[in-house]
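These are the residues of each chain, in order.
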Amino acid sequence: MKFPDFIVTQLDWVANQARANSLWPMPFATACCGIELMATASSRYDIARFGSEAMRFSPRQCDLMLVAGRVVMKMVPVLQRIWLQMPEPKWCISMGACASSGGVFDTYAVVQGIDRFLPVDVYIPGCPPRPEQLIRSVLDLQEKVKATGTVNAREFAARAEYEGPTSLVKQLAPDETMVLPGDYNTATRLRD
Amino acid sequence: MPDVQQLLAERFGDAVTRTVFRDNVRYVVAPGRLIEVMTVLKGAGFDYLADVAGIDYLHYPDATDRYGVVYALANTETAERVYVKVFVNDPDPTVPSVYPLWKGADWMEREVYDMYGVVFEGHPDLRRILMPEGFASYPLRKDYPLRGRGERHNFAPVTRAES
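In the order they appear, the protein sequences are chains A and B.
Each residue of the first sequence is one higher than the one before, starting from 888 at the first, in this note's numbering.
Each residue of the second sequence is one higher than the one before, starting from 485 at the first, in this note's numbering.
Just so you know, these hints were derived from the structure itself, not from any lab.
There could be a bad hint or two in this list.
Sample of chain A residues lacking proximity to chain B, with all beta carbon distances greater than 10 Å (derived) [claimed, not checked]: (1) F890; (2) D950; (3) Y1049.
To list a few chain A residues with every Cβ distance to chain B over 10 Å, as calculated [as the list claims (entries may be wrong)]: (4) R947; (5) F1004; (6) T1037; (7) A1044; (8) E1048.
Each computed DSS-like pair below joins lysine-lysine, with the alpha-carbon atoms no more than 30 Å apart [stated by the list, open to error]: (9) K526(B) <-> K961(A); (10) K889(A) <-> K569(B); (11) K626(B) <-> K569(B).
Predicted model only: the values in this text are computed from it and were never measured.
Positions of the beta carbon are idealized from the N, C-alpha and C atoms, including for glycine.
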C-alpha cells in the first residue's frame, strides 16, 4: 500500500500537538516543592518522557510557568513580571498547597494562592506533591492544550475576566486587630 | 582582661542594672547611656555584636515598657557573652545606633526597625529590609494582626487576556 505524501489536517491540531508535547517549564521554585520538581526531572521519574525536561531559567524561552512553593507579597511583582515576560502561548501550573492556597503560611506576608494575581491552569495538591502528581498535571495540561488550543492562541482572549477566588482584601478596624497573647481563638479565627 | 562587672559598676554605678539568669548575664541600660556602655564593653574585649533583637512587651505580665532592644555581645577571645537591654516606649521609640562601634549592626538594626518600628538614631541608612518599601505597619508588634491588614492582597491581578 502506498501512503500519500501529504496529510490533510487543521493548523490548530498541528500547533496543539507541537505545543502540548514540548511544554518547556520555567521553574519558579521558592520552597520544598522545588526539590520534588528537581526529582521529577531526574532519571527515576523522567519528565523528559512527556517533553517537559527542558527547564529554562529564563522566562523568554519558556511556555509553562511552574510555581513551586510559597510566594510572599514582596515576590508578587517579580512573579507577575516573569509571567509577562514569557512569550505566548503560555500556561501556568500552581504546584503544591502553598502556591495554590498559601498552605500553612497564613501570615501577613504570604499570598494566599497565586491565582489571586495570575491565571492558573492546573493546580496540584500536596505538601509537597509527589513527582507522579507533577507528571499527572503536565499530562492534564497537555489534554487542556490539545482540547482548547488554537494556532494563534485566540482562546486566551476569551479569558479576560479575573479567574481567581473572591478577594480577601479586608480592612480591619483598629479594635479588631488586637491579638492577646495565648488567645488562640482571636489569633486563628477567620476574620469576617 | 578587666572584670566586666566591676568595670561597669565603677564607671556607671546604678545606671547599669545587672541580672543573671541561668548563666546569662544581662545588663539593663537607659537608652541615653547605651553608647557609653557599649564603648566600654567593646574596649573590655566584647568585639563581636552577635545579634540585635527587638521585643514588644504589650500585654506582657509585669512589663513596664513597651519595646525592648537586646544586644548580644560576644568576646571572641574568651567566648564570654553578655546581653545588653534597653527599653523604649511609644510615641517615640528611639535608640542610638551602635553602627559606629560594630558595622555589623547595619542590617540587624534595620530589621528591628522594619519589624517593630524602633528608630535607631545615627544609623546611616535606616530603611525597611524585609518588608516592601511601601509597607506601612510594623508586623511583629503585638497589636498587629497575624494575618495583616490586607496588605498581602493589595496587588492588581493579571488576567489571561492581557498577559
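Results of checking the hints against the structure:
No beta-carbon of chain B comes within 10 Å of the beta-carbon of F890(A); the shortest separation is about 40 Å. Every CB of chain B lies more than 10 Å from the CB of D950(A), the least distance being 13 Å, so the non-interface label holds. With a least CB separation of 5 Å from chain B, Y1049(A) falls inside the 10 Å interface cut-off, contrary to its annotation. Distance to chain B confirms R947(A) as a non-interface residue, since its nearest Cβ pair spans about 14 Å, more than 10 Å.
The claim that F1004(A) lies off the interface is violated: its Cβ sits roughly 5 Å from the closest Cβ of chain B, which falls inside the 10 Å cut-off. Remark: the non-interface label on T1037(A) is consistent with the geometry, its nearest Cβ contact in chain B lying 14 Å away (cut-off 10 Å). A beta-carbon of chain B comes within 10 Å of the beta-carbon of A1044(A); the shortest separation is about 5 Å. Non-interface status of E1048(A) relative to chain B is broken: a Cβ of that chain comes within 10 Å, the nearest being about 7 Å off.
Only pairs whose Cα atoms come within 30 Å are accepted, and K526(B) paired with K961(A) is rejected, the gap being roughly 37 Å. Taking the CA atoms of K889(A) and K569(B), the gap is about 90 Å. The hint is violated against a cut of 30 Å. Note on K626(B) and K569(B): the hinted pairing holds, with a Cα-Cα distance of about 19 Å set against a maximum of 30 Å.
Of the hints listed earlier, those the structure fails to meet are numbers 3, 5, 7, 8, 9, 10, in rising order.
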